[in-house]
Structures are given as structure tokens and as C-alpha cells.
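Based on the hints, put chain B in the right spot on chain A.
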Amino acid sequence: AQSVSQHNHHVILSEAASLELGCNYSYGGTVNLFWYVQYPGQHLQLLLKYFSGDPLVKGIKGFEAEFIKSKFSFNLRKPSVQWSDTAEYFCAVISGTYKYIFGTGTRLKVLA
Amino acid sequence: KAGVTQTPRYLIKTRGQQVTLSCSPISGHRSVSWYQQTPGQGLQFLFEYFSETQRNKGNFPGRFSGRQFSNSRSEMNVSTLELGDSALYLCASSSTGAGANVLTFGAGSRLTVL
Chain A
134 AQSVSQHNHH VILSEAASLE LGCNYSYGGT VNLFWYVQYP GQHLQLLLKY
184 FSGDPLVKGI KGFEAEFIKS KFSFNLRKPS VQWSDTAEYF CAVISGTYKY
234 IFGTGTRLKV LA
Chain B
-8 KAGVTQTPRY LIKTRGQQVT LSCSPISGHR SVSWYQQTPG QGLQFLFEYF
42 SETQRNKGNF PGRFSGRQFS NSRSEMNVST LELGDSALYL CASSSTGAGA
92 NVLTFGAGSR LTVL
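Taken in order, these protein sequences are the chains called A and B. Be aware that the first sequence starts at 134, since it is given in my numbering, and climbs by one per residue. Be aware that the second sequence starts at -8, since it is given in my numbering, and climbs by one per residue.
Excised from the complex, chain A in its bound form (with noise of 0.2 Å):
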């Protein structure tokens, strides 16, 4: 069955600290991968895509992500989070049946 992994659960960092969170998929296919991003009291919202092209893809508030198709994998990156960018993030795939598959979610906590 099709999968999405998120490795990190909980990170905490402090303002200024790079970031890297993890995904990976199992889907061979053709895939749309996603970001979004949940923060506290608000809707989830998408933070970047991917769905052909240039495998750096770059979204809101700083953030890119690098699909590397030979690692299943699309982790996303900041160089420097702020305290701001606290909030819970989910990787996505789609793949040809246009069922959305979620990983479970990474808990970003930014220090001041």
C-alpha cells in the first residue's frame, strides 16, 4: 500500500537554527507531492508543491523542499526558522488515483 513517511515527530530548535524535516513516499508512479503546513488555531494551508519540472521547489515564508525521485523522498528545508514558523507540518503525495496520502505530521516547536 502506498505510504508516506515522516521521520521526525517533535523537532525543537531556536530562532536562527537551520531546518530539515523528512519525507518519504512509496509510490513508484508519477507523483504531486506537497507541504502543508498547520499553524496553532489556524487552517491547514499549503506551503509548496511539486508536481514536475525543476526538483527545487521553493513556497511561502522561505521554505523549499528538493524531490529526489531516486530516494523517494521530498524533504523540506529553512535555513533559518523563526519563531513564527512553530506549527505542524504534513507531507503529501497524490498519486494517479487522486487519493491524497498524509504522512502523520511533524510538530515544529521554535524557541525565542
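Quick caveat, the hints were computed from the structure, so don't treat them as lab data. Where hints are given, some of them may not hold.
[As the list claims (entries may be wrong)] Straight-line distance between alpha carbons at most 27 Å, and here's what the computed DSS-like set of lysine-lysine pairs gives: (1) A:K242 with A:K191; (2) A:K232 with A:K191; (3) A:K232 with B:K48; (4) A:K182 with A:K204; (5) A:K204 with A:K191; (6) A:K182 with B:K48.
Small disclaimer: the values here were computed from a predicted structure and weren't measured.
Below, chain B alone, put in the same frame as chain A:
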């Protein structure tokens, strides 16, 4: 424009009862999908509707059902509630064309089953 609206926002039911949740998508969005969010499980896909037709279904028992109306509004129903059905139920809508597959989420309906 208005976002995705879910009602009710909170509800408490007892085991064995049934519940209906409603979702109004963004105007012009014809795809509506539903997800169950629980701590540690992330979001699990329930089903997706497009133009009143169920296009995809997740791995949930038949107690979970849904439908979509001609105005794209959607409802999901859970019958014979179990304690494990306590969760946040999220609805999301998406457009066609360039915006396809990008989800806009509602605030969710938080269901507590006692």
C-alpha cells in the same frame, strides 16, 4: 472570497448514534474531499467527490459515507458511532485546471464520541 465552511464546528455524541457533517466549498470548486485527523495518525483520506460523483474512497468502514449536491456542497455521515471515531474531520475543496490537486481546507468539525 469565502473559504471552505464546515458545520458544526464542535459536537458531542454517544456511542451508537449517527452524525452528519456539512461542508461548503469555495465558490467554483467542484472537488470536495474529507479527512479524519487524529493525534499520531495524521490525516487519513475518507473520500473525494467531484460533480456529485464519488471519485475515490479511502479505507474506512461502510459506516462512513458521503455525498455531494449539485451546488458542490458536501455532507458526510457516520452511523453507529464508536469511541474511536472521535476526531477532527476536515473538508477540503479544490478547483480544476491549474489549481487542481491543491487543497483549501476548512476549520474542521471536532467530533467527540462518549
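Verification of the supplied hints:
1. A:K242 with A:K191: It holds: about 22 Å lies between the C-alpha atoms, which stays within 27 Å.
2. A:K232 with A:K191: This hinted pair holds, its Cα atoms lying about 24 Å apart.
3. A:K232 with B:K48: holds, 8 Å
4. A:K182 with A:K204: holds, 18 Å
5. A:K204 with A:K191: holds, 20 Å
6. A:K182 with B:K48: holds, 23 Å
Consistency with the previously given hints is maintained throughout, with no hint failing.
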